[in-house]
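Here the structure of chain A is known, so what remains is to put chains B and C in place on it, guided by the hints.
First to last, the protein sequences are chains A, B and C.
Every number in our numbering is 27 more than the matching position in the first sequence, counting from 1.
Every number in our numbering is 27 more than the matching position in the second sequence, counting from 1.
Every number in our numbering is 27 more than the matching position in the third sequence, counting from 1.
Take the hints with a grain of salt, since some may be wrong.
The list cannot tell twin chains apart, which means a pair is met if one copy fits it or any two copies do.
Using 27 Å as the maximum straight-line C-alpha spacing, the simulated DSS-like pairs for lysine-lysine come out as follows [what the hints assert, rightly or not]:
#1 Lys349 to Lys401
#2 Lys86 to Lys288
#3 Lys401 to Lys86
#4 Lys349 to Lys156
#5 Lys276 to Lys156
#6 Lys349 to Lys288
#7 Lys160 to Lys349
#8 Lys292 to Lys349
#9 Lys303 to Lys293
#10 Lys303 to Lys164
#11 Lys349 to Lys33
#12 Lys160 to Lys401
#13 Lys273 to Lys251
#14 Lys446 to Lys86
#15 Lys103 to Lys54
#16 Lys303 to Lys86
#17 Lys303 to Lys172
#18 Lys156 to Lys33
#19 Lys54 to Lys127
#20 Lys401 to Lys164
#21 Lys288 to Lys54
If you're looking for bench data, these hints aren't it; they were derived computationally from the structure.
Computed from a predicted structure; not experimentally measured.
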Amino acid sequence: MSDVTKELLDETQGYVEQAKAKAAKAKKPWQTWLDAEWGFRNHWYPASLSRDLGEGDSKGIELLGEEILVTRQEGKIRALEDRCPHRGIRFSSRPLFYTKETLTCWYHTWTFDIEDGNLRTILSSPDSKMIGKCSLKVYPVEERKGVIFIFVGDIEPPPLHYDVAPGFLDDNAVVYCAEPYDINSNWRLGCENGYDPGHQFIHNWSEMCINAGMHTSYGYTSTKEDVLDTTRYVELEDGPKGFTRKVEKTTFRHEASIPLKDGSKKDLMLPLARGKSKEELDQLTAIIRLGTVGLWMPASLKVTTFPAPHCTHYEFYVPKNKDEHTYFQFGVIHTDDEEEAERWLGEDGRIMWEVPAVQGFTVDDAFAREQMHKYYAEEDGWQRERLFQPDVELTMWRQFASRHARGIQTEDHSRGYFKRD
Amino acid sequence: MSDVTKELLDETQGYVEQAKAKAAKAKKPWQTWLDAEWGFRNHWYPASLSRDLGEGDSKGIELLGEEILVTRQEGKIRALEDRCPHRGIRFSSRPLFYTKETLTCWYHTWTFDIEDGNLRTILSSPDSKMIGKCSLKVYPVEERKGVIFIFVGDIEPPPLHYDVAPGFLDDNAVVYCAEPYDINSNWRLGCENGYDPGHQFIHNWSEMCINAGMHTSYGYTSTKEDVLDTTRYVELEDGPKGFTRKVEKTTFRHEASIPLKDGSKKDLMLPLARGKSKEELDQLTAIIRLGTVGLWMPASLKVTTFPAPHCTHYEFYVPKNKDEHTYFQFGVIHTDDEEEAERWLGEDGRIMWEVPAVQGFTVDDAFAREQMHKYYAEEDGWQRERLFQPDVELTMWRQFASRHARGIQTEDHSRGYFKRD
Amino acid sequence: MSDVTKELLDETQGYVEQAKAKAAKAKKPWQTWLDAEWGFRNHWYPASLSRDLGEGDSKGIELLGEEILVTRQEGKIRALEDRCPHRGIRFSSRPLFYTKETLTCWYHTWTFDIEDGNLRTILSSPDSKMIGKCSLKVYPVEERKGVIFIFVGDIEPPPLHYDVAPGFLDDNAVVYCAEPYDINSNWRLGCENGYDPGHQFIHNWSEMCINAGMHTSYGYTSTKEDVLDTTRYVELEDGPKGFTRKVEKTTFRHEASIPLKDGSKKDLMLPLARGKSKEELDQLTAIIRLGTVGLWMPASLKVTTFPAPHCTHYEFYVPKNKDEHTYFQFGVIHTDDEEEAERWLGEDGRIMWEVPAVQGFTVDDAFAREQMHKYYAEEDGWQRERLFQPDVELTMWRQFASRHARGIQTEDHSRGYFKRD
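Chain A extracted, bound-state conformation (with noise of 0.2 Å):
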């Protein structure tokens, strides 16, 4: 059992299975989470796939707010604000490149060095005196598994597998990616979602599981001695913070039943469930039992045996700005041997893990984001919400994650209001 684990549990429980009054007095000891509307800072985050930034490419990207152009030049990928300090003029509404060197703004031709963003010369004004003086926000980057990562802040960096769940950047990890697309739902929202032991009553609707004939259940639970058990949480000063929760214990409810006004009940089977014998039931039960599912800091998700055992599947709520985020998705295998690698980021990868997941599976997670923005954006959801026992699961990752953060975002920041080397 980890102290963590029963550190976090301990703090947070009594948030959860609370009757009214008393959940809306009590203070949050989260208060770093419900700060992060706009997401950590000083994290870092996927911001593009490598496919969709060729050799001289650029595109302006939006990340907590921030507004950035990405652009790859002589290979290397560089991201700057958007921002020119002369005008406010967004550069990639016609980027120009005139060097591998350096970005031209297309208004007044200042230019700047896309390596340090400072103002290398006016083409116009070769002697201006601004040359030198100013300078454009350097994202720092780092491109791995074909994702661009840019980290949004204003420390040094630590290095980019501290903001990375394990093993998707292992020296034979092959990484399949899916192209990201906005979600009009708060990040924080996908991270809880995605972890949320009780949500899996949602995949009921899911397409994969339909025509895979795959009962779900009415909703994952465990025991508090169970939470205690399975969750083993990763804290290490020179690696990823986040934790795993064990499937293997968790309770599968494919029965349940609705007490009546008469005295009787109504018992309810789960569609997919219905006809099975408690083998066949178990058989499918047993698989979903090998897995682990983790969150990580700063915004993401570790699927294991997902959907196939070999598989294990990545998601990260990358902040947009407070009213959306960016859904990236990877599907990822280990392997030395090469032509399995190439298999799979080829047909093996769309037929066993892009469809089934990402088309069959995940957009109902990003309904079901979609459907809470709402109360927590407009209506207090964050005060309000009353909470049940899986919760705990969630409380003790606010918990986590307000004590990980190295920072929180504000909508100063998305302003431009921040230092500039």
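For chains B and C alone, coordinates are given in the frame of chain A:
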């Protein structure tokens, strides 16, 4: 002469026909009306037509800013807060009625009693301590005459007929329902336009009038004495509150003139009045004179002998939110003859009421209400309007409504801040 | 050398070419310019083209946020507040001119004198006490050269020609009018982009330049001495206020270079300048040097010899509201030859001015203005911008405009809070 009429006239007469300076400074005695941007709380409102909600159907509606799930289960209509206390999900986006007694949230299987709103069970966690400890708001419902009425408020609801204009609920009332639609205007402008004696001029553009060759007028007007004489109040403790104007003494002007600078004047005559003899003109006016027009708490209008002598037109300006109201319209006859009733609900009602009144007449009222909205919503219209004598009938309504309103809806109510049982 | 030039230069020179810290702290001396988000009040503005308002026509327009009904009655243009004092109706949604002297509200027949705005009668209530007691704001109007000008303000309007750049109203000026269009940008960015010496670089993308093989430059620049030498102010008590820059001394750069890290430099040449001899380059530059560019109160630009030697280009950045301006453009020649004038208003103006200048050139200016808007509207651009030497010509304008503005428009004006006669 009604004492109430005199009292209201005396109290509000000073607010019309005033020079600007005075009107601007004067504090209005109908503050409750000014505060009721979101509607009057603690009243009954039409929420849907019965025919639009068959057995087992459900839908989400918005009433005074509150999102409500309405459903029919075993023939009975239930109306529930459309917001799960757990995480704010709108049930209506994936409604689940596993029993006729319950509503289950599609996200985490919280299952509520649709009669009292209590959390009866959680399918995935039947032992949760939350069960029995939280609840949805349940809205009182009455279904009468093909209309689903919902009570929005916190008090013990008075009988439905207190909030419906007389005659509508009569045993022998046969109610033809038009499909309701939303109008981009505050609901109070609906009330005021509907009763407004001066507004009749806009119906010169109405297809019903044009096609029938029915000259309207440049606006009804009545003297103060006529108002005193023809307005009849109903303030029964145990019945509806409202009043009617008997049209009989109203002055209809078909002619008007505009004084010109050169001292002459330009004489005008309504196009449809031209070429008609005085007898022909009087003939039509005489029909209109038979009618009465009435405003009723909380937000409806009743017009007798319209558009046909035996038909009564009812309309409700139901607040959807502060910027929209839903327009319900009904054509009613009173008869004990079953065949006549059946014909009315079929072809007769359509031809004798819906096509002329709804399609050919009140669309112009809807236009006028939308045209007033910006002024009242964004330009302080309620304070800056300059009223003239015919508007005294509206200030009397404002005063009357302020006196009889059972409460005021607020934006907080729309966000779910209200008492639950 | 003009004293005004020196004075304005001295007053504002300290705000360009400054290190960030200093610029950020410095209080700007052109506060009036910063306050004028909605426009300068008490000035004349183009409101419509004459040809778009035939006899008896009317339309609603928005000028500095004020909604105005413009109509032509008996040949004369009238401009009236488009808001009935009774209940705020916009007359323009159903305009009624029962006489050539009056405007009648379509809702309650309030009938206003279109010359003085007074309530002359109410068709339905000719005895109302309101008659003569309330009025619409009436806007002074001048129709000249095919343009309807409206004065927005509260003071006795000065003569129109005080607010129009010289030459436009000359007896022998022949004015070809382009159809105005709206641009999603604050009007001040229009003024600044138009005069901005550095902005010429954007016209490398202009179809006119590309098709004509006309190399532009990396941005005009002038030394401080040249600015002193070539800027000519007009501040006559009884005429327009503005100034012109004679282009003659401007430096045109067709070549530029970017210093590289390895100590070398990358030489650049504008695509259209390549392969041309010095003579050929100078030949074109010489034509441009003939011109002058001027900014004029309240919000317009005059460019001589553009795009053809005998043509003068005028443009107005008319504030529609704080986020949009209406772009009026005119191509003007001066001639006493009636045939030439007629040809100009027909095919000549279209081919020699409208197609190249409006369709092929200023569309790029419109693009640039829109691109600046977010920075100035939402990101404190007016405080955070980092100006370089060529911008001193803009700070001089800001200072000059702040000195000569007759007033500042506010949001309250746009809601109808202003004096009526």
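Evaluated hints:
With identical chains, the CA atoms of lysine 349 and lysine 401 are at most 27 Å apart both within one copy (12 Å) and between copies (18 Å). Taking CA atoms no more than 27 Å apart as the test, lysine 86 paired with lysine 288 passes between copies only; the shortest distance there is 25 Å, against 61 Å inside one copy. Taking the shortest alpha-carbon separations for lysine 401 and lysine 86, only the inter-copy value of 18 Å comes in at or below 27 Å, while the best intra-copy value is 30 Å. Taking CA atoms no more than 27 Å apart as the test, lysine 349 paired with lysine 156 passes in neither setting, with 38 Å inside one copy and 34 Å between copies.
In this assembly of identical chains, lysine 276 and lysine 156 lie within 27 Å of each other by CA distance solely across copies; the values are 22 Å between and 68 Å within a copy. When the C-alpha separation of lysine 349 and lysine 288 is checked against a cutoff of 27 Å, the pair qualifies neither within a copy, at 44 Å, nor between copies, at 39 Å. Taking the shortest Cα distances, lysine 160 and lysine 349 never come within 27 Å of each other, neither inside one copy (33 Å) nor across copies (33 Å). Taking identical chains as interchangeable, the C-alpha atoms of lysine 292 and lysine 349 are never at most 27 Å apart, the minima being 44 Å within one chain and 43 Å between chains.
In the homo-oligomer, the alpha carbons of lysine 303 and lysine 293 lie at most 27 Å apart inside one protomer (20 Å), although the nearest pairing across protomers, at 74 Å, exceeds that limit. For the homomeric pair lysine 303 and lysine 164, neither the shortest alpha-carbon distance inside one copy (60 Å) nor that between copies (39 Å) is at most 27 Å. Taking the shortest Cα distances, lysine 349 and lysine 33 never come within 27 Å of each other, neither inside one copy (32 Å) nor across copies (49 Å). In this homomeric assembly, lysine 160 and lysine 401 come within 27 Å of each other (Cα to Cα) only across copies, at 24 Å, whereas the closest approach inside a single copy is 44 Å.
In the homo-oligomer, the alpha carbons of lysine 273 and lysine 251 lie at most 27 Å apart inside one protomer (14 Å), although the nearest pairing across protomers, at 73 Å, exceeds that limit. Taking the shortest alpha-carbon separations for lysine 446 and lysine 86, only the intra-copy value of 23 Å comes in at or below 27 Å, while the best inter-copy value is 51 Å. Taking identical chains as interchangeable, the C-alpha atoms of lysine 103 and lysine 54 are never at most 27 Å apart, the minima being 47 Å within one chain and 42 Å between chains. For the homomeric pair lysine 303 and lysine 86, neither the shortest alpha-carbon distance inside one copy (52 Å) nor that between copies (34 Å) is at most 27 Å.
Proximity of lysine 303 and lysine 172 under a CA criterion of 27 Å is satisfied in neither setting, with 42 Å inside one chain copy and 48 Å between copies. In this homomeric assembly, lysine 156 and lysine 33 come within 27 Å of each other (Cα to Cα) only across copies, at 21 Å, whereas the closest approach inside a single copy is 60 Å. For a Cα distance limit of 27 Å, the shortest separation of lysine 54 from lysine 127 qualifies neither inside one copy, at 53 Å, nor across copies, at 39 Å. When the C-alpha separation of lysine 401 and lysine 164 is checked against a cutoff of 27 Å, the pair qualifies only between copies, where the shortest distance is 18 Å, while the shortest distance within a copy is 33 Å.
In this assembly of identical chains, the alpha carbons of lysine 288 and lysine 54 never lie at most 27 Å apart, being 38 Å within a copy and 55 Å across copies at closest.
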